[in-house]
Amino acid sequence: MTDTALNHEGDTIEALREACQTLHEVIDRARSRLDNNVWDYLRGGTESETTLRRNRLAFDRLAFRPRVLRDMREVDTGGAFLGHKLRLPVLLCPIGSLESFHPNGPRAAMQAAADFGVSLFLSSVGTVPLEEVATVQGGMKVFCLYKRGDDDWLDGVVGRAIDHGYDAFAITVDSAWYSRRERDLANRFVKPWRQVPGMEFQKALNWADIARFKKTYDIPLILKGIATAEDARMAIEHGADAVFVSNHGGRQLDHGAGALDVLPEVVDAVRGRASVAVDGGVVRGTDIAKARALGADVVGIGRLLCCGLAAGGTAGVVRVLELLEEEARIDLGLLGVQNFSELDGRYLRLAEPVMEPGLWSQYPLIGDAVRG
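Residue numbers (the numbering used here): 1 to 372.
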């Protein structure tokens, strides 16, 4: 994206660089543009929101062990996922409601992924068809499915994704039942994207469906929502090309473990036989470094993606990625490594958290309207 490129609201990326010099300023800007129902949908988790808080706590319990007196003049923040080079080891998570944050949210997000050089996971729950998003040139495109029909229906969706150049296909596997998200219930907020029939097909999804997929289609398969070593091994046995460690950002099962806490057992179970992604609580460059040190190939951002869209459309998401990249480059330089691949568990140690974990707790300067 050039400095004069415009987003939907007429902002330039240059203007956003001036207005949003920190990530907390992106979030403050997003909050000012969203109504209360959509804001609560963005920030909420299920029931007590324990899993949401544990996602953040898992990162906060780790401190760094930096090395010094190394030549740090050159630092590379690049990464890769399923053979695709990424400017930053980050993917934009599948969000079924991106249209709530920007009028053409999925296409705007894909444009940001292409402009910056990362991957977008496009959710099947949305109003913008995969064909329209596929018209964006560049960027790694992944279609992420909630199964809402029989095998013939699935064949049609996968065929469309393959025909329109998607680089991989993901299946969401942690959503057999829709959770009770009490912020939405208290607001009496009925989300239009939930009114799609066919939930029984998601409930019936099982390992036989994964075996059929691998036998039928020639496209890399990612299973999103893995939370145990046992299921990670099952995923590998059934031919998954990537395992995505996720608890849906704390929005499905309450009282789950933090995603980063689950990551080591999954990495150990996979043993290099597939790529590993993780999301849940990623809000800083330091979070990317911690996840990479524990064996993830790439990390996902969801709520930051939504905030970027609300703050400035395509340019807003690019600005989020620029700030994460700047933080990550400094983090690597101060850790004494020239790239993410040099990180491992030796650069981490357990530590006591210094603040109450929460969605935005890593932004101490955030505005009161956002924190409340």
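Accuracy of the hints is not assured; some may be wrong.
[To be verified] Across the chosen pairs, the derived CB separations fall in these ranges:
#	residue 1	residue 2	range
1	His164	Pro264	18 to 28 angstroms
2	Ala204	Asp71	49 to 59 angstroms
3	Gln338	Gly83	42 to 52 angstroms
4	Leu334	Gly83	24 to 34 angstroms
5	Leu185	Pro103	19 to 29 angstroms
6	Asn339	Arg188	43 to 53 angstroms
7	Asp151	Thr22	47 to 57 angstroms
8	Gly239	Arg371	23 to 33 angstroms
9	Trp153	Asp71	28 to 38 angstroms
10	His164	Gly239	16 to 26 angstroms
11	Leu365	Asp151	34 to 44 angstroms
12	Lys85	His164	17 to 27 angstroms
[Said to hold, decoys possible] The calculated DSBU-like cross-link candidates involving lysine-lysine, where the alpha carbons are at most 30 angstroms apart (straight line), are:
#	residue 1	residue 2
13	Lys85	Lys203
14	Lys85	Lys214
15	Lys203	Lys214
Hints listed in this document are in silico derivations from the structure and should not be mistaken for laboratory results. Even for Gly, the Cβ is constructed at its ideal location relative to N, Cα and C.
How the hints compare with the structure:
no. : hint                                : result
1   : His164 / Pro264: 18 to 28 angstroms : violated (37 angstroms)
2   : Ala204 / Asp71: 49 to 59 angstroms  : holds (56 angstroms)
3   : Gln338 / Gly83: 42 to 52 angstroms  : violated (22 angstroms)
4   : Leu334 / Gly83: 24 to 34 angstroms  : holds (30 angstroms)
5   : Leu185 / Pro103: 19 to 29 angstroms : holds (27 angstroms)
6   : Asn339 / Arg188: 43 to 53 angstroms : holds (49 angstroms)
7   : Asp151 / Thr22: 47 to 57 angstroms  : holds (48 angstroms)
8   : Gly239 / Arg371: 23 to 33 angstroms : violated (45 angstroms)
9   : Trp153 / Asp71: 28 to 38 angstroms  : violated (56 angstroms)
10  : His164 / Gly239: 16 to 26 angstroms : holds (23 angstroms)
11  : Leu365 / Asp151: 34 to 44 angstroms : violated (51 angstroms)
12  : Lys85 / His164: 17 to 27 angstroms  : holds (21 angstroms)
13  : Lys85 / Lys203                      : violated (35 angstroms)
14  : Lys85 / Lys214                      : holds (24 angstroms)
15  : Lys203 / Lys214                     : holds (20 angstroms)
The structure does not agree with the numbered hints 1, 3, 8, 9, 11 and 13 stated previously, though it agrees with the rest.
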